[in-house]
Amino acid sequence: MKMLRILLLSILTLVGVSLIWRRISRQRSLPCPTWMSGLVEGPLMDRVLGTQTTLDRIGLKRGQRVLEIGPGPGRLLIPAAKRVQPGGEVVGLDIQPGMLVRLNARAARAGVSNLIAVLGDASKPQFPPESFDLVYLCTVLGEIPDREAAIQQCYAALKPNGILSITEIFPDPHYQSRSTVQRMAEAAGFHLKETHGLWYFFTANFVKAKGILN
Numbered sequence: 065m066k067m068l069r070i071l072l073l074s075i076l077t078l079v080g081v082s083l084i085w086r087r088i089s090r091q092r093s094l095p096c097p098t099w100m101s102g103l104v105e106g107p108l109m110d111r112v113l114g115t116q117t118t119l120d121r122i123g124l125k126r127g128q129r130v131l132e133i134g135p136g137p138g139r140l141l142i143p144a145a146k147r148v149q150p151g152g153e154v155v156g157l158d159i160q161p162g163m164l165v166r167l168n169a170r171a172a173r174a175g176v177s178n179l180i181a182v183l184g185d186a187s188k189p190q191f192p193p194e195s196f197d198l199v200y201l202c203t204v205l206g207e208i209p210d211r212e213a214a215i216q217q218c219y220a221a222l223k224p225n226g227i228l229s230i231t232e233i234f235p236d237p238h239y240q241s242r243s244t245v246q247r248m249a250e251a252a253g254f255h256l257k258e259t260h261g262l263w264y265f266f267t268a269n270f271v272k273a274k275g276i277l278n
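Residue 201 in my numbering sits at position 137 of the sequence shown; the count goes up by one each step and never skips.
Hint data in this document are derived by calculation from the structure and do not stem from the laboratory.
Derived pair list, reagent style DSS-like, types lysine-lysine, alpha-carbon separation capped at 30 angstroms: (1) Lys188 to Lys146; (2) Lys146 to Lys257; (3) Lys146 to Lys125; (4) Lys188 to Lys257.
Label-pair ranges, simulated between beta-carbon atoms: (5) Ala213 to Gly151: 28 to 34 angstroms; (6) Arg111 to Thr259: 21 to 27 angstroms; (7) Leu256 to Asp120: 15 to 21 angstroms; (8) Asp185 to Ala251: 17 to 23 angstroms; (9) Asp120 to Gly151: 17 to 23 angstroms; (10) Val165 to His255: 33 to 39 angstroms; (11) Val165 to Leu256: 33 to 39 angstroms; (12) Gly162 to Leu256: 30 to 36 angstroms; (13) Gly253 to Ala172: 36 to 42 angstroms; (14) Arg126 to Ser195: 17 to 23 angstroms.
All C-beta atoms in this analysis are idealised placements derived from N, C-alpha and C, irrespective of residue type, glycine included.
Starting from the given sequences, assemble the full structure and let the hints guide the process.
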């Protein structure tokens with residue numbers, strides 16, 4: 065019973081913070097501040113936010129080279145690094161230096177050595193063409209002012225037949241609907257492969273079809 069109360073309190077706190085942040089960021093897209101990242105860390109928040117479910121839906125495989133855009137302190141990227149072993153590598157691209165400091169510190173504590181943190185803007189070229197097997201974003205797309213440019217950069221960074229995976233969770237302040245996500249991905253040249261979950265917690269996987277020009 066005590067655990068249930070803690071879980072409910074955590075959910076209510078998360079919803080309250082999300083609603084406040086949604087109001088603050090209504091005028092323009094804003095990334096989650098570094099100091100707020102602690103609210104989504106720890107085993108309890110992994111359960112609330114469906115960390116393992118999200119990773120399962122993304123479809124990570126051993127040996128892949130994977131990019132997460134907006135990894136924050138590594139809630140998904142650190143376990144993703146373990147999933148692509150042996151032979152795989154993960155890269156986290158974040159626009160906030162403070163997030164990367166936290167990410168590197170958590171990766172070191174977890175004993176993860178196949179993780180690279182990169183500082184940069186997702187809407188601008190950061191990697192050579194066709195560098196990754198899979199690129200994913202989780203509750204991040206709406207934080208990027210130029211979302212269309214970011215998805216186009218994902219397209220360029222992926223190998224032919226590579227996968228773009230986008231996860232959205234309501235009531236994230238920057239929540240994007242399934243129809244919005246699909247429209248933007250298809251405009252960049254992706255084809256919908258599969259969707260998982262319901263509207264309030266879904267993952268949409270898109271494929272960069274070989275021979276399709278953007």
